[in-house]
Every structure is written in C-alpha cells, then in structure tokens.
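Chemist: Protein chains in written order, with UniProt numbering: chain A, 1 to 597; chain B, 1 to 120; chain C, 1 to 574.
Since the hints were made in silico from the structure, they are not lab data. There may be inaccurate statements among the hints.
Here are the simulated distance ranges between beta carbons [unchecked claim]:
1. C:Ala59 / A:Lys390: 33 to 41 Å
2. A:Arg252 / C:Ala59: 41 to 49 Å
3. C:Leu82 / A:Lys390: 44 to 52 Å
Glycine included, each C-beta is placed from N, C-alpha and C at the ideal position.
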Amino acid sequence: MELYRSHVLVCAGAGCISSDCQAVKKSLLDSINRLKLDKEVKVVETGCMGPCDQGPVMVVYPEGVFYRRLKPADAVEIAEEHLLKGRVVKHLIYQTPETGSAALTFEQIDFFNKQTRIALRNTGIINPESVEEYIARNGYQALGRVLSKMTPEEVIDLVKKSGLRGRGGAGFPTGLKWEFSARAQGKPKYVVCNADEGDPGAFMDRSILEGDPHSVLEAMAICGYATGAGQGYVYVRAEYPLAVQRLNLAIRKAREYGLLGENIFGTGFGFDVEIRVGAGAFVCGEETALLASIEGRRGEPRPKPPFPAQGGLWGKPTVINNVETWANIPPIILNGADWFAGIGTEKSKGTKVFALAGKVNNTGLVEVPMGTTLREIIFDIGGGIPNGKKFKAAQTGGPSGGCIPAKHLDVPVDYESLTELGAIMGSGGLIIMDEDTCMVDLARFFVEFVQDESCGKCSPCRIGTRRMLEILDRITKGRGRDGDIELLEELGRGIKAGALCGLGQTAPNPVLSTIRHFREEYEAHIYQHRCPAGVCKALTVYVIDEEKCTGCGRCAVVCPAGAVSGVKKQPHHIDPEKCLKCGTCMEKCKFQAIHTL
Amino acid sequence: MKSLDELDKLREKLQAEMRIREGQPDTRVTVAMGTCGIAAGAREVVTALLEEMKKRNVKGVTITQTGCAGLCHYEPLVEVEVPGGERVTYVHVDGDKAREIVLEHLVNGQIIKEWTILKK
Amino acid sequence: MSSVNLTIDGKPVQAEADATILETARRAGIKIPTLCYLEELNVIGACRLCLVRVEGARALQPACVARVAEGMVVRTNTPDVLQARRLNLELILSNHPRECLTCPRNNNCELQQLAADFGLEEIRFEGEITPYPVDDSSPALVRDPRKCVLCRRCVAVCEQVQGVSAISVQERGFNTIVAPAFLDPLGSVACVNCGQCALVCPTAAIHEKDQTAAVWAALADPQKHVVVQTAPAVRVSIGEMFGLKPGEVVTGKLVAALRHLGFDRVFDTDFSADLTIMEEGSELLSRLKEGGRLPLITSCSPGWIKFIEHFYPALLSNLSTCKSPQQMFGALAKTYYAQKAGIDPADIFVVSIMPCTAKKFEAGRPEMNSSGYQDVDVVLTTRELGKMLKQAGVDFDSLSEEEYDDPLGISTGAGVIFGATGGVMEAALRTAYELVTGETLEPVDFTAVRGMAGVKEAAVNLNGTELKLAVAHGLGNARKVLDAVSSGEKTFHFIEIMCCPGGCIGGGGQPIPTNTEIRAKRIAGIYRADREMPRRKSHENPAVQALYKEFLEQPLGYKSHELLHTHYEPRGQF
Ligand SMILES: Cc1cc2nc3c(=O)[nH]c(=O)nc-3n(C[C@H](O)[C@H](O)[C@H](O)COP(=O)(O)O)c2cc1C
Ligand code: SF4
Ligand code: SF4
Ligand code: SF4
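So here's chain A without its partners, still in its complex pose (with noise of 0.2 Å):
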C-alpha cells in the first residue's frame, strides 16, 4: 500500500451506480492524471454509502468532504479546485433539506451523523476488493483472536451474552442457534449465508456485500470455529452479479492471505466458502427452502422441526444467519458482549439497518441503534416528508410486515413494539407513506407480491393469499360487498395459523395490519364506493368544472374514450359510463378545469 495525500472514496453502491457513478469517476481519474495528481490522490470505488437519492456520491479525505449528484463536469472541477488547490466546491456539498444550510463533511449531516455504523462500519469507507483496507480497520482480528485466545463454547456465550438477534426477519437469537449447532450430533456441520434478500426494496444485505465482503467471510469462519463446521456457502440471488463477483474475489483474496482454507492462523482449524447463486424466488430467502435451493431441489419450505441447527443442509447440522447478523459478529467479538448489549433496547440489542424508501426526503440506506424512534429515523435521518405532505403511515417488514400509523410515531423501532402494533421488524425495509397512499391498495399490492412469490406447496397459502388478492381487488375496483371486510379478517387470520412457511404466516399481515389502523378506508371504499386517497381508479371520478372550463374542446380531443362531449366555448362534460379514468384531459386541461371525486 501507498500513502496518499488525500482519498477519494467514490460511491458504487447500487444506487449510484443506476445513477452512473462510472462516468463520474473516470472523469475524475482523467482529471486526476490531467493534473498528475495520481500520486498524491488515491480514488477508491467503495460499497454503498446509503444516501442513495444523493448520488452519485463521493468523499474527500482527509477532510471528509461530501459531495453528491454529481455529473461528470463536477468531477473535473473537483480536481481542479478541491483536490489540487484544496478549496470546497460549495455548490456541490449537501444542503439540509428545511433549512438549506450546506453541510460540508459526514459529521454535519443529520443522515449520518444520527447513526451508528456496526453492520455497515466499512461500508462505503474501504474499497471493498482490498483485502488490505479491511484488514488495516481491524479485519479478521476477530478471527484471529477467536482461533489463539478462544474456546468454541466462549465464542458462543459471548454471542448469546450480547444479545445478538437474527436480522433476517425473525429475530431468533443468533447464539442459542450456533449452539444448538454446535451440540447436535452429526457430522460434517455447515455455515450458510442467507443472501437472498427478496423483500422488494430492501438492500442492505446487498449493500454490505458489494461493499465490506469480508465481514461476511470472517464471521462464517467464526461460526465455523464455534459450531464445528468446516465449510460455509454463501446463497445470492442471481440478480446481485457484483456482489456475487465481490465475493468470489475476496474470497480468492482471503484464500491468498491464508485467511480462508487450511490451517487459519496456524491453528489448525479449516474452514472455507463457496458462493451459491438462486434463481431469486421470495421464498427462497425462507431457510428450509434455500437450504433445499442449495441442494439442488425445487426452492420450496419444509416443516420445522427439524430445525436447519439439527438437520439442515444434506440432514446435518447447520447455522444458518442473515448477511447482516454476520456483518454484526466481528465487532461483538473485538469490542465485547457488553459493548453490544449496551446499544438498544432490553430484547432488541445493537443497531438495525434499514432501507429507508418511499414518501420520505432521504431516502437510502440507514443503521440506528434499536430502540431509535420511527419519528427521528423518519423526521431526523430521513428529513420528513417531501412537498410539504402529511406522513400517513410506514411500513416495514415488506410483505410480511405491516403499516404503522401517525399515532404510532414514537414507537421504538425493535422487535417487540413493531410485532405489538401488528408490524414487523422484518429484514429492514421501511417504506414512508404520505397521505397520498390509499392503504388498501398498498395492501392489494403487497398481497398480490406474496401470491405471486408463494411457492404453492400448501394450500392455505396458495389458494387463500389468491382468494385475498381477489377481495382486495373488487374492493379497489369499487365491487367490494358487505362482508368483505370480515372475510379478509377471517382468511387472514386462517392463514397466519394454518401455513406451512414463514411466507404464508406473514403474509395477510399487511391487509390484517391496514384493517386495524385504517378501517375506515376499507369502509370508504366498500360502501361509499370512495377512495379517500384517489388512487383507485375505479372509484375515482373525473369531472369538469363548469366555472373554470372555457369550452377550448381540448380534453374531447384528447380522450381515448369519446367520454368527453360538449359544444365549443361551453362547459364541456365527462360521460362516467365512457370515462376509463386514465386522467389524459385533466393532465391536457390548460384551464385546471378538471379534477377528481
């Protein structure tokens, strides 16, 4: 490695990467070269930083200097100004939303500053395809003070005595798992990675893995140690190809340092990874059916007992963990179960991460302590609502969440408060609604995600998640009957109680959870034969105003439907029979003559 004046840490998360980073960062690198700064300024490509509606991204060290949006132009004027003469291209930092007050350097920043990063400690600070930079922030420390100082029964208590719970959904804890691995007979023993991450819009697992790979690949190897395991796979969705390449590089690089393979640290113990890539079916996230995935076998749950501890993969005993629960393991074991219990809340230890989406200013990856408030990580790390709308509800856990409303903001974001109200911590998706959402179409759409993603192995999942998307539907369509309500009730409840797998268990929990906390919106629109929200089209109606309309005729010419009739320079009107709501005229209308009902 080289000293370097100055670090260039230039985000190539998925985010920016979509918004092209790549153009940005050469354009940097020519301006770099242009300049001969080469051998003063190092650029390094790192994993996602989290600010994601920010990007493209980057970071000057050693002042910390953020800057986002960028565009290739920007770049060369930050070489020019920043890197060569040392002065802050103002227009380029980050301004805070309500006040418009520039921020120059992380620190300032609201977003980060009200995190703690343990999952995501390396995230978007090292090149995440240097060994080298993992190893110089304490990487593999863990391991190697594991292998010469630990027993396996110490790396399990400390586990379990820090309070570390699964971050793939259920929350079970991580150390009662390995040893329960750990004490099950048969042999060989596995570690597998569950890296599929299916809940739309989450990517944190993904995230952790194109940027700070070896987190994962050590902490398997301490699992390994504890368990009595010797091999470990890594299961990524075929959709995650840089994570998947990312991997399979540090994994050659670990290999290289004598970090994976025989003999670790001399001590004589082995343990090494390969990488299972999945066709990327929801369900195949659920552990008996990744388990079966990597086997070879139709992705599909079986029954539990046996659990994947006694009897996992090929009938042998096996951990499996989330990529965030790993992500968490090498700082427990460096910094002590009491370091980490000490973060959060009685049950929820340490920090979660979430991706933070939908109605809300900032938008992207996240880690707060467990316990943080859903109003700071809305208000204060996600900076509100945008436009000047109403927050109307949230929801995590993806499908297999729920929504939690307004009156619910300060509930602590852990385990137990969100299962109270109805919710779920989940994997850490939280999608912001404002008061735009209609909540039984966000049902609807959640549903109809489930059902689609249901692997169809039994029946009250497979028919009964069908026969809700069917309710659901004629309620949004405006054919919803008296009853329907009940009858979600019942099904949901029916299935919660009668599948077979974690998907059909959870899935009603987004109409269950909508019914609880909007009611009304369900009536409105069975018996009203409203949407509150004007969002489903069906039940909107589209209407011209008489006072505003000047008879321009615009609107008839544009309707698809010949739903429009009127005589010229008088008040037009909409025949609803014809109307097919796609809302052409109120768009074309100059006059803002047309509205809905």
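Based on these hints, arrange chains B and C with the ligands on the given structure of chain A.
Modeler: Showing chains B and C with the ligands alone in chain A's frame:
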C-alpha cells in the same frame, strides 16, 4: 498468514494509509497549494513528504493542502500541527527540507526552528 | 427405540419416541383427517388438514410430520383446530371444479369424503380456479390439473417407488401444477404409463383413459365377434368394486359377468401366460445352451418395457423377445382362433380386462399387429370393467359362477401366478425344471421368489448348473437390480421384473384404494387360485399343447416368431 501476530503487523502497516479516513485528531501537515505554491514547487514537497513518511513508517499524520496562505513570497509553505501542540510553519521548503522535517519533527518531535515562522 | 407417554384428547397413549402424532393418534383410534399424507412416501405437511393443537406450541402443528414427545398434550378437536382445518378445506374446494356428479371418481374420492365429513355447507370464495387444460396426450392416463389438490402423492410415487420422475411440481403460487418438466404433455415424456400415480391420487386429477364407450359400441355391433380376455390379477380384485373383500377369488363370477355384458367368447389371459412360459422357458434354455445374452429378463410388463427402453437401452438385448401374454393372446385370437372358429379376423374384436394402464399403451404399439390387424383392440382396466358392470346393473356378488370358453380359456395355476410378483419366475421354473431334468418337480411351490420384498434373489440347481435368479417389482427396485448387473456387481441368469409394486395385482388399473395391505391380500388370493387349479404347470396345459400341435408346431418356431415375439426400441430419457 501464519499467526495472529503476523496479522497485527500487517494491519499496523496498512493502517497508516487508512488513517486518513478516520477523521481522528492526527498530526496535520498542510501544504499550501495555491497557484503560487505550486509554481514555487509545492508539488515536489508533497511527493517528498509522502515518500519519506512511508519510508519511516510514520503513522497518525494527515497531509492536507490549502489554498494560497497569503505569504506568497515564502512559498512553498508547510504547516505542521501536532494535536494539542503548537502550529509550526516552515517556509521555503523544498524536497530535501521536507524529508528532514519528516525525520526531525514528525518522528523525533524536534522542531527545526531555523526554517520556521513560529506562531503561538 | 425408547417410548414416550403423551395424551391425545385427554387419552393417555404411549408411542415410540420418533413416531408422528398422526400415527400415534391413528393407533389410538383417533381419526385425524389427511389429504396429502401417504404413508412413508409423502409426509410433507402440505395440505394442512391434519393440523392439531400441541399445548405449548405457538402455532398449530401438522400431525403428519410433527413428532411426539414425552409429556406432550395434543388436542385434535378444539374449535380453533376444527376451524383452521375447515377453512383450509374450504379453500381447497374453492379451487376445485366441484363436478362430483359427473366425475370419474364420484363416490371414490378422498376430497369428496372430506367435504362430507367436514359438513361444509358453503364455499364462500368464488374466485378463479387454476386454469390448466386437461392433458389427454397419454394413451393410458388423463391429467386434469383443475382437480389436482397438489398433494404430490403422485410425484412421490413416480419418483420414489418407480424411479421415473416423469412428473414434478412446476410453477409457483396459484399457478403451481404437477406436470412433466416444461409442462410437456404426459404422452411425450418418459412416463411409463404404469398408473401408480392414478392409484394414489385422492381425486380424479390423474385417472385412466376411459375406453368403455368403444367396448359398448363393439358389443352393440352385430357384425363384430367380441372376445374378451381377463388378466390373472383381475379375478382377485374386481370384487372390491362391489364391496367384496380384497383378494377374494371371483373367477367364476367374473366370467358370468362378462358373458352377461354380451361378450361372444370369454377367454383367459392365463392361457397365453402358460404359452409365454413355453416360449420364454425355451428362450432361457436356448440362451443358456448356446451362450446367448444373459441374464434373460422377462418382458410381460409393458410399463417395465417402456422403462428399460428409456433408461437402460444398453440392456435391451437382455430382454426376452416374448410378447406379453396379452399380446400373444391378441395375435392368436385373430389367427389361430379365427381359423378354428371360421370367423373373418376383421370381424373379431379383442378386448382385454387388465389391472394395468400401461397395457393400453402396449396394445397401441405399432408392432403389435402381427395378425394383420391391431391384435388387441381395446384394453379396459379393472376399474373400467367395474364401471361397465355397474352401468349394466350387474349385481356381481349374486352371480353364479361360470367357466371360461374353449380353447383360449384353458389354463393352469402357473398362468394365474403371473399376477403376483415372482409368479412368472416360479411358473418358468416349474416348467424348465421338468424340461431340463426330466423329473417332476415336487413341491411345485418356489416360495423363495414370493412375497413383498422389493428384490428377491434365489438360486436353483438345474441338472448341475446353478441358475441365479432375481425378482424385482416396482421400477425403483428394478433400477437396483439393473445397476448391480450393469456394474458387474451381481450376475444372474434370469430376472423377473414387474413394473408395479406387488406385481400386476398392484397395477395402476386396479380398484382404488390399492395399498400394501390390500396388495398382500390379493397376492394371497392369487396363490389360493393357483392351489385350486387341477393343473399347475404350463406345459401341462392341454390347450397349449393342442396349439403347438395344430398351429405353432414348436416353441421358438417360425410361426411363434411371427406371432409371439417382438423387438424393442431405445427411447430418449425425456
Ligand atoms: C418467505 C421468507 C423469506 C425470507 N427471506 C429471507 C431473506 O431474504 N434473507 C434472510 O436473511 N432471511 C430471510 N428469511 C428468514 C430466514 O428463513 C431465516 O430466518 C434467516 O435466514 C435466519 O437468519 P438470522 O437468524 O440471521 O436472521 C425469510 C423467511 C421467509 C419466511
Ligand atoms: S406458506 Fe406459502 S410459501 Fe410457505 S410452504 Fe406454504 S405455499 Fe409455500
Ligand atoms: S404412470 Fe407411472 S411413470 Fe407415468 S407419471 Fe404415473 S407413476 Fe409416473
Ligand atoms: S394429481 Fe392427484 S396425486 Fe397428483 S398431486 Fe394432484 S391430486 Fe395429488
């Protein structure tokens, strides 16, 4: 990697480079890089500083640059600020002087008074 | 295995430590409804009708997979349990056509029975029914995915018992379907038409291709001389369709019933089974003597034939070239019998009553027309015959017994035992032993090759040569033997393979249910019928002797080759 010790050694070597991203109170070496500084040879100074620091495995030092310090006729200017200590400004620095500054000031903690304008 | 104590519905019960709640409850006389469960083969907890409450468990547990534990308290009939099961059944029915009155499985359907037991009064969900068309591409079986409850019992049987894996679960969610890979039609894949899937299907989602209409039409046609042959296994099972006990031998009633339906002649496949022994026995002896390809493997079972054509084409020359008894019969009915009776073979219509769906496929093989016509016109399964008899209002049990017609109805006990696994082997030995040694075999029973063990091995001393024998039934077991032979791990001289578990008495066309217990009873019936026959060795069959004298001249002779032997073709694996 044969042992934890070996890992520790490697880590320490590598950390030097990574400190720059930690935002910790480091010794700061600032080189004035305005047009005047660059014209006076500030670039060579930076290169020399970096080379020498690497050679001597100096840790906990960040090199930054500023614009013109308003002392154009003293350029190249190098400021060294040890946390909690005084700020020392070296003037008319060249490559050789830079190397010397690294050895004496950064490694041995001895300020080379004759090259400085001392500030409080 | 240690045992544990638990209570089910307040009743203290003891069970082995690894028993399931379902097994334990059943043993204790407590009925828990099931649909996807198939003992030992399909224990997947998918239908969710066997849910029970286990005290202390968070969720309801599927009794079929959940294991007992010491001190466990199980409740099988609490309101929440009943309500959960009921909703699940209601959902299953909401995705089912509910055409019971016109369904081939009307009155013999597990789903119908469950609906009756649960006393459902209404299906409140009127949504879509998974829309897949009926697949009738197979000559033997019809798949009606709309009626499929996705229990996967068929998949389990096809894979685990038959080792074929012609069908599997495809697609996801509401579109999930059991079908061949890529949703190919069943008629175009490596399905061997064994019908084991149809036997275990709780509904009519897989059933035999009904060809009774063609038989009714032939019977009604005055121009046609309609002859019928009955396979050995039918006489011990057809009674079940009329409430008789499994395995009850009803040969005489069967003959009477067929005559009642209007068949012109009622013949017996047992006759051509005896003939098969003459030909196949001679083939074995000749291969032994002349150093022909060994082991010789039997060729009576058409599902097995298609299997080896797909999966072990390298072993095709080990197959006996003998046609199956059904096809030998067909070829002779339209030649020898036609001549003898002075009937134009074009007017002869041959119907087979078979325990087997694969026979439908066999009859349609292009090479099976050595008489110049399609040798066998229509194959009906035992189940289809039962239906015809019901349609004709036959009160089966009260029929008085009648005899088969001459000459193709004359047979020996050796012909009957073709219906059970090991029977062909035993029949062949009865004859070969005498032909080779010149001595009478006493006793005639070769018990070593009888019984339900999947693979049976035996040896017999034929004039100083030790003949090594193997018998396998169920194609999964066949695979084991073939793999051992291919790898050189084992050597045999003669192997009997039957496609279906238990042999033909367990065939895919047999009455439903057909399970291990019922199979054993039918096998017992077969051996009872054998014991009651005056002649028990094929070469003693006077009609067969006459056939050789009048027509065929000698086993493996020119005419035999023309009419009684066949060839095979390799087929792809898919
Ligand atoms: C339908 C379904 C999908 C799941 N998807 C994921 C997933 O994408 N990633 C994940 O880590 N866990 C997923 N899980 C949870 C896993 O089954 C399992 O609980 C988890 O991998 C255990 O790891 P943890 O204890 O570290 O959370 C899913 C569960 C269900 C029921
Ligand atoms: S609950 Fe859904 S996803 Fe899970 S096993 Fe049943 S059908 Fe498959
Ligand atoms: S007939 Fe036999 S081979 Fe064909 S699908 Fe059914 S069980 Fe499988
Ligand atoms: S076809 Fe029959 S046996 Fe096969 S899955 Fe469907 S219902 Fe079950």
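Chemist: Go ahead and decide if the range 33 to 41 Å is satisfied by the Cβ distance of C:Ala59 to A:Lys390.
Modeler: Holds - the Cβ-Cβ distance for C:Ala59 and A:Lys390, about 38 Å, lies within 33 to 41 Å.
Chemist: CB of C:Leu82 to CB of A:Lys390, is that within 44 to 52 Å?
Modeler: 45 Å, holds
Chemist: Between A:Arg252 and C:Ala59, does the beta-carbon spacing fit 41 to 49 Å?
Modeler: Given a distance of about 44 Å, which is inside 41 to 49 Å, the answer is holds.
Violated hints for the displayed structure: none, as all numbered hints are satisfied.
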